[in-house]
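**Q** Going by the working numbering, the first residue of the sequence shown is number 1, and it counts up by one from there.
Each hint should be verified, as a subset may be incorrect.
Okay, derived cross-link-like pairs now, SDA-like style, lysine to any residue, Cα gap no bigger than 25 Å in a straight line [unchecked claim]:
1. K306 to K107
2. K205 to K348
3. K137 to D167
4. K72 to E286
5. K146 to Y92
6. K306 to Q255
7. K72 to K29
8. K146 to L39
9. K72 to P14
10. K137 to P109
11. K348 to D167
12. K73 to F403
13. K345 to F323
14. K73 to N83
15. K285 to S441
16. K142 to Q181
17. K107 to N83
18. K205 to L39
19. K107 to F323
20. K142 to L32
21. K137 to E286
22. K306 to L328
23. K142 to Y92
24. K205 to K107
25. K72 to L288
26. K285 to C312
27. K72 to L328
28. K146 to K107
29. K205 to F387
Note that these hints are calculated values from the structure, not bench results.
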Amino acid sequence: MIFSSLVFLCVFLPVCYLFYCVMPSLRWKNALLILASLLFYAYGEPVYVLLMIVSTWMNYACARIIDLGRAKKAVLVLNVVGNLGILCVFKYAGFLVESFNQLFHQKVPVPCIALPVGISFFTFQALSYVIDVYQGKVAVQKSYWKVLLYISFFPQLIAGPIVKYRDISEAIEDRHLDARQASFGMRRFICGLAKKVLIANTMGKVADAVFTVDLGSVNFFVAWIGAAAYLFQIYYDFSGYSDMAIGLGKMFGFQFRENFNYPYGAVNIQDFWRRWHISLSDWFKEYLYIPLGGNRRGRARACINKLIVFFCTGLWHGASWTFVLWGLYHGLFLLLEEYVPVMRKLPKIIGHLYTVVVVCVGFVLFRADTISQALFMIRQMFTGFYFSDSACSFAWQQLTPWFLFMLLIAVIGAAPIQRLSSKVRNGDGGAFVQNGLFVLSFMLLLWCMIRLSGSTYNPFIYFRF
Numbered sequence: 001m002i003f004s005s006l007v008f009l010c011v012f013l014p015v016c017y018l019f020y021c022v023m024p025s026l027r028w029k030n031a032l033l034i035l036a037s038l039l040f041y042a043y044g045e046p047v048y049v050l051l052m053i054v055s056t057w058m059n060y061a062c063a064r065i066i067d068l069g070r071a072k073k074a075v076l077v078l079n080v081v082g083n084l085g086i087l088c089v090f091k092y093a094g095f096l097v098e099s100f101n102q103l104f105h106q107k108v109p110v111p112c113i114a115l116p117v118g119i120s121f122f123t124f125q126a127l128s129y130v131i132d133v134y135q136g137k138v139a140v141q142k143s144y145w146k147v148l149l150y151i152s153f154f155p156q157l158i159a160g161p162i163v164k165y166r167d168i169s170e171a172i173e174d175r176h177l178d179a180r181q182a183s184f185g186m187r188r189f190i191c192g193l194a195k196k197v198l199i200a201n202t203m204g205k206v207a208d209a210v211f212t213v214d215l216g217s218v219n220f221f222v223a224w225i226g227a228a229a230y231l232f233q234i235y236y237d238f239s240g241y242s243d244m245a246i247g248l249g250k251m252f253g254f255q256f257r258e259n260f261n262y263p264y265g266a267v268n269i270q271d272f273w274r275r276w277h278i279s280l281s282d283w284f285k286e287y288l289y290i291p292l293g294g295n296r297r298g299r300a301r302a303c304i305n306k307l308i309v310f311f312c313t314g315l316w317h318g319a320s321w322t323f324v325l326w327g328l329y330h331g332l333f334l335l336l337e338e339y340v341p342v343m344r345k346l347p348k349i350i351g352h353l354y355t356v357v358v359v360c361v362g363f364v365l366f367r368a369d370t371i372s373q374a375l376f377m378i379r380q381m382f383t384g385f386y387f388s389d390s391a392c393s394f395a396w397q398q399l400t401p402w403f404l405f406m407l408l409i410a411v412i413g414a415a416p417i418q419r420l421s422s423k424v425r426n427g428d429g430g431a432f433v434q435n436g437l438f439v440l441s442f443m444l445l446l447w448c449m450i451r452l453s454g455s456t457y458n459p460f461i462y463f464r465f
């Protein structure tokens, strides 16, 4: 496990930032960030930090060879195979063997390989760097240490967002401490922390209770409570971590792109994927969908390409058929919206409702441990109209005042209020408002620390990806 939340907040981050501020040059600052990032990862993954270092060296060397113009395409192919091979061994080996055994009724021993935290994120970042060098989109980085900083930078190392090298290459080479940006970055970090600790954790406890309760206690009401709780848990968990990464990046002089843009305010599934996990959507579009031919080779090929992308999107999230089906489920609705005219002409309010329901049902498939459990939960959401004593009692146990209050905050916070949020992020709105927000953020930080000190439930969903 990575640093406990309180150790990170009270020891690691303050000490790291204090030393960073007093370092005399950018070279020393970069060295400190590399050391801190490796320590951060090695605290919970002492063996797999070596895997990340080796992976980084492989990608650095491949980029240098490609830059020399020697067998560029062959080196690129070897690099892609090497990266995906590492990902396949550590993340998908057990899944592939289990699937083989089930399909062919064999009993091949299933390998038990611990999953390196965040391997999907740093593998995709490394791949994008080498591919960009091959395509001439970025100049090759001749310093291995700067490539290692790009791959290992601790704010976004273990749960994204997926950062392209070209987006931060200038900051690696030249950046300056900016007190104003650092203060807004700290506020953004606290906002993300509050999303995680106060909202996501509250939603997560209820979602876990529903998805692990005896099936006889799951009726219409219970199923929707669990589905809604997970809908908000995964959003506030991941967008909260993204806010924390963006905020920490600002504090150290880096500008990361936004990873969420009020996805639950989308009017269709296509719009949802423009707003949800933006860095992953952009990555698959640039490095998979377009190389496959995009929509340039006819309608049928475009459909196949989109289904391939969403198959890979689902598989990227986890080594399970539930994730694969979740990806294909979204791909199917995307195709329906594109080729069924009525799907594109829904009134705005109907479009919102349709999107939220589709996404909510999809996340049931995402959260369930098995396909059969997912299908049962979805069936209960639409047909489970029975009210046994056990089901009603269980439902009322979940609807605590704290949960209902956080659910209300979650609904309000997920509303698409871009203008207001943009002003807050950019520091507009007057000194009085900004000072008030800083005071509020300090209070939130104290509240989060109190909650963390009394709770052991702090899992980040995307750590396992």
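**Q** Now look at each hint and say whether the structure bears it out.
**A** Here is how each hint holds up against the structure:
no.: 1; hint: K306 to K107; verdict: 35 Å, violated
no.: 2; hint: K205 to K348; verdict: 33 Å, violated
no.: 3; hint: K137 to D167; verdict: 11 Å, holds
no.: 4; hint: K72 to E286; verdict: 19 Å, holds
no.: 5; hint: K146 to Y92; verdict: 30 Å, violated
no.: 6; hint: K306 to Q255; verdict: 30 Å, violated
no.: 7; hint: K72 to K29; verdict: 34 Å, violated
no.: 8; hint: K146 to L39; verdict: 17 Å, holds
no.: 9; hint: K72 to P14; verdict: 44 Å, violated
no.: 10; hint: K137 to P109; verdict: 44 Å, violated
no.: 11; hint: K348 to D167; verdict: 34 Å, violated
no.: 12; hint: K73 to F403; verdict: 55 Å, violated
no.: 13; hint: K345 to F323; verdict: 30 Å, violated
no.: 14; hint: K73 to N83; verdict: 15 Å, holds
no.: 15; hint: K285 to S441; verdict: 36 Å, violated
no.: 16; hint: K142 to Q181; verdict: 29 Å, violated
no.: 17; hint: K107 to N83; verdict: 28 Å, violated
no.: 18; hint: K205 to L39; verdict: 30 Å, violated
no.: 19; hint: K107 to F323; verdict: 24 Å, holds
no.: 20; hint: K142 to L32; verdict: 19 Å, holds
no.: 21; hint: K137 to E286; verdict: 12 Å, holds
no.: 22; hint: K306 to L328; verdict: 9 Å, holds
no.: 23; hint: K142 to Y92; verdict: 33 Å, violated
no.: 24; hint: K205 to K107; verdict: 36 Å, violated
no.: 25; hint: K72 to L288; verdict: 19 Å, holds
no.: 26; hint: K285 to C312; verdict: 11 Å, holds
no.: 27; hint: K72 to L328; verdict: 34 Å, violated
no.: 28; hint: K146 to K107; verdict: 46 Å, violated
no.: 29; hint: K205 to F387; verdict: 23 Å, holds
Of the numbered hints given earlier, the model fails hints 1, 2, 5, 6, 7, 9, 10, 11, 12, 13, 15, 16, 17, 18, 23, 24, 27, 28; all others are met.
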